[in-house]
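Protein chains: 2
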Amino acid sequence: MDFDLIREVAIPAETKIVLLVMDGLGGLPDPQTGRTEMETARIPNLDRVVQEGICGMIYHVGIGITPGSGPGHLALFGYDPLHYRIGRGALEAVGIDFDLGPQDVAARGNFCTVDDGGLVVDRRAGRIDSDTCARLCAELRTIELPGAELFVEPVREHRFLLVLRGDGLSDALSETDPQQVGVPPVEVAARVPEAQTTAGLVSTFVARARDRLRQHHPANMVLLRGFARWPDLPSFPEVLGLRAAAIAFYPMYRGLAKLVGMTALPTGPSLSDSLAALREHWGQFDFFFVHYKATDSTGEDGNFQAKVAKLEEVDAIIPELLTLKPDVIMVTGDHSTPSTYRGHSWHPVPFALRSRWCQPDRAEAFNERDCQRGSLGLFAAAEIMPLAMAHADRFTKYGA
Amino acid sequence: MDFDLIREVAIPAETKIVLLVMDGLGGLPDPQTGRTEMETARIPNLDRVVQEGICGMIYHVGIGITPGSGPGHLALFGYDPLHYRIGRGALEAVGIDFDLGPQDVAARGNFCTVDDGGLVVDRRAGRIDSDTCARLCAELRTIELPGAELFVEPVREHRFLLVLRGDGLSDALSETDPQQVGVPPVEVAARVPEAQTTAGLVSTFVARARDRLRQHHPANMVLLRGFARWPDLPSFPEVLGLRAAAIAFYPMYRGLAKLVGMTALPTGPSLSDSLAALREHWGQFDFFFVHYKATDSTGEDGNFQAKVAKLEEVDAIIPELLTLKPDVIMVTGDHSTPSTYRGHSWHPVPFALRSRWCQPDRAEAFNERDCQRGSLGLFAAAEIMPLAMAHADRFTKYGA
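For the protein sequence lines, the chains are L and C, in the order given. Just so you know, our numbering puts 91 at position 90 of the first sequence, and the rest follows in order with no gaps. Just so you know, our numbering puts 298 at position 297 of the second sequence, and the rest follows in order with no gaps.
Chain L on its own, in the form it takes in the complex (with noise of 0.2 angstroms):
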């Protein structure tokens, strides 16, 4: 979306949007039957939104680009991920639900073996338990930089999230990780002379873990790489003008609803839980982005069976979500997880809206097939948003 001209047109409204998310909505066929997940799955509440809404097919980074996580979301929530991008460590950070800030410079980090001449002989120290990842990093947070604060987090087995905080930081640092065994770890280096100082903090930091984990075989070096400063988004509530909040599960989702300024809400990781919180903050919202992860990990797991299970377990919420009478709601996908194909993919995701202003279309079921005859097309995912708030009426005319 074109955050300049969404800020000349968006007015103050009373209107709700919902937006449900299914992760890893779109599938591919079953060889044996011909129809994908949704068009195998019983889905009529699903179905009515797309009767009378309309629909469409979103592609979220590009023709045939398989979006990650990070860049589906946020073309979601309207910015192009070709140009917002997220660094790796930022989306560790995210991950683990850390509250990066602006003056957070962060890191993926991997414990990592080292051999009595330097050399890297395992980059993933045999993948360590997480329990001994949590009481090394612990060990590493007690090293003390000079003009700068330091955050250790363990992340899961070997890796774990090195985060800087200090003034005049920056993530223009070459990777410590050289790839490849038999080699020594890279000396951290900067690519613009303004990162100088903080490859020197970072340089330091290597120094001093690599002091306090001599002991600590297979673990006993660190390897560093994907340095990313805390991505300076456009804020989603003051470009729409919405009091927006997430209700999502998982770390990641609520840390990139967070990065773009709406507000996490406590919820749990079932559907019931998230129509609780739902129901339970309704009056102080007006925009909800509602996560749903089960359709992605049935995909990822080849699982076509479960993945349309999942599916009409959303369909079933969707009466009760609809008591609540949001002005939009837009059902769709971050990105497509077909289970023949057991992981994201590029195919394009349905799309559906519904509210009482949608122009009549073709679709009459909320699958890949009847999508594609929706009114929208195949289109950007990340103008979903604009598309949302004209029909919440939160939109003035552009022009006299």
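Please keep in mind that the hints were generated in silico from the structure rather than gathered at the bench. A quick note: this is a predicted structure, and the numbers were derived from the prediction, not measured. The C-beta atom is built at its ideal place from N, Cα and C for all residues, glycine as well. Check the hints yourself; a few may be wrong.
[Stated by the list, open to error] Listed next, the in silico BS3-like pairs over lysine-lysine satisfying Cα-Cα at most 25 angstroms (straight line):
1) L:Lys17 to L:Lys294
2) L:Lys294 to L:Lys326
3) L:Lys259 to C:Lys398
4) C:Lys17 to C:Lys259
5) C:Lys17 to C:Lys326
6) C:Lys17 to L:Lys294
[Claimed, not checked] Only part of the chain C face toward chain L is listed, based on derived beta-carbon distances under 10 angstroms:
7) Met2
8) Asp5
9) Leu6
10) Ile7
11) Pro103
12) Trp358
13) Cys359
14) Pro361
15) Ser376
16) Leu379
17) Glu384
18) Ile385
19) Ala389
20) Lys398
21) Tyr399
Based on these hints, arrange chain C on the given structure of chain L.
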């Protein structure tokens, strides 16, 4: 396509991609039957590609814009033809299989007739025959210029190609063709200061050509236009990570493929020559651009039935092509050439892609009306390569 993005996500794979271009593919209805050439032809094998694949309609330059062969093909190869322009002189070089290099400046030349006062009386020298043209080119080729190598190659009738090769040459030169009779040829001028030397060389060439041609009435002078350097296009094989081959008989299409870095394979004019080349080199390349000319020439001739017959000939080779088991096959054209229109046109061109990973859509037959119903809608031809790469499992995901 976005070259930086593609470089970022492209990964190695063993898969094979075939792009079969039927020149001038799209058509318009026969007024008698109301059916286009593609709707009239019996093309069951191409229809099956559509049924098993995804499809849509492509535009190469922009809505309503008729592409020349250069921009049409560049778009199919992924290059936005509004951004990547091939100057007229360079295209002329490509059209006669002249290997234009980075040190070259090429121009289109005409032999013309001037009267005793030096005024142009015929801009085409009475369209002298091609043999005379070749003889005069050989004569001009003996001209020597200080600091530049000179090539003068016959094209056809009164047309020739002039190439200067040397260090620091510029194509920022004004044309010498006055585009009218009754006036003298225009003196070449540098359009920027850096082109001064090149302007001097061209001016010397023109003066010496006038001397050499004095006795060769009606071809007693030359006119030059379309000065163009070698278009420094990003390399298709490098950007996409594909070993890429072109199977095209006509010099123009071989040349276009070579300009983007493809290897032009030896082949003959017939479809079975193309198939033979494909079979012979199948192991050595990942991508094959196969060009078929007759759909365009029959359209240009206004011969509806002949174009129908040529489509059926292409259809007949599809089963054999598929025995090679390409992971992705794309069938489309570089522009429309409706037989009723007798020339290149702006009409969008049917496009179909078949792979094992196709999202189902509603199109059933390979023609304009059915491909309009395809899941891809109306889209830019420069996006077909990213689509092919995705369907060939040659892209990793974008962002985490």
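Taking 10 angstroms as the limit, does the beta-carbon of Pro103 of chain C come near enough to a beta-carbon in chain L? Hint on Pro103 of chain C: violated, closest Cβ of chain L at ~30 angstroms, above 10 angstroms.
Take the shortest C-beta to C-beta distance between Pro361 of chain C and chain L; is it under 10 angstroms? Nearest chain L Cβ about 6 angstroms off; hint holds.
Does the nearest C-beta of chain L fall within a distance shorter than 10 angstroms of the C-beta of Ala389 of chain C? holds (8 angstroms)
Should the hint that Leu379 of chain C touches chain L count as held when the rule is a Cβ pair under 10 angstroms? holds (8 angstroms)
Interface hint check: Trp358 of chain C, Cβ to nearest Cβ on chain L, cutoff 10 angstroms. Holds or violated? holds (7 angstroms)
Does Met2 of chain C pass the interface check with chain L, least Cβ-Cβ distance below 10 angstroms? holds (8 angstroms)
Do the numbers back the hint for Ser376 of chain C, that is, is its least Cβ distance to chain L under 10 angstroms? Since chain L brings a Cβ to about 5 angstroms from Ser376 of chain C, closer than 10 angstroms, the hint holds.
Is Lys259 of chain L close enough to Lys398 of chain C, meaning Cα to Cα at most 25 angstroms? It holds: about 23 angstroms lies between the C-alpha atoms, which stays within 25 angstroms.
With a cut-off of 10 angstroms on the beta carbons, see whether Glu384 of chain C makes it to chain L. Cβ of Glu384 of chain C sits 4 angstroms from chain L, so the hint holds.
25 angstroms limit on alpha-carbon distance, applied to hinted pair Lys17 of chain L and Lys294 of chain L: holds (23 angstroms)
Does the closest beta carbon of chain L sit nearer than 10 angstroms to the beta carbon of Cys359 of chain C? holds (8 angstroms)
With a cut-off of 10 angstroms on the beta carbons, see whether Leu6 of chain C makes it to chain L. With Cβ-Cβ at 7 angstroms, under 10 angstroms, it holds.
In this structure, the earlier hints numbered 6 and 11 are contradicted, and the remaining ones agree with it.
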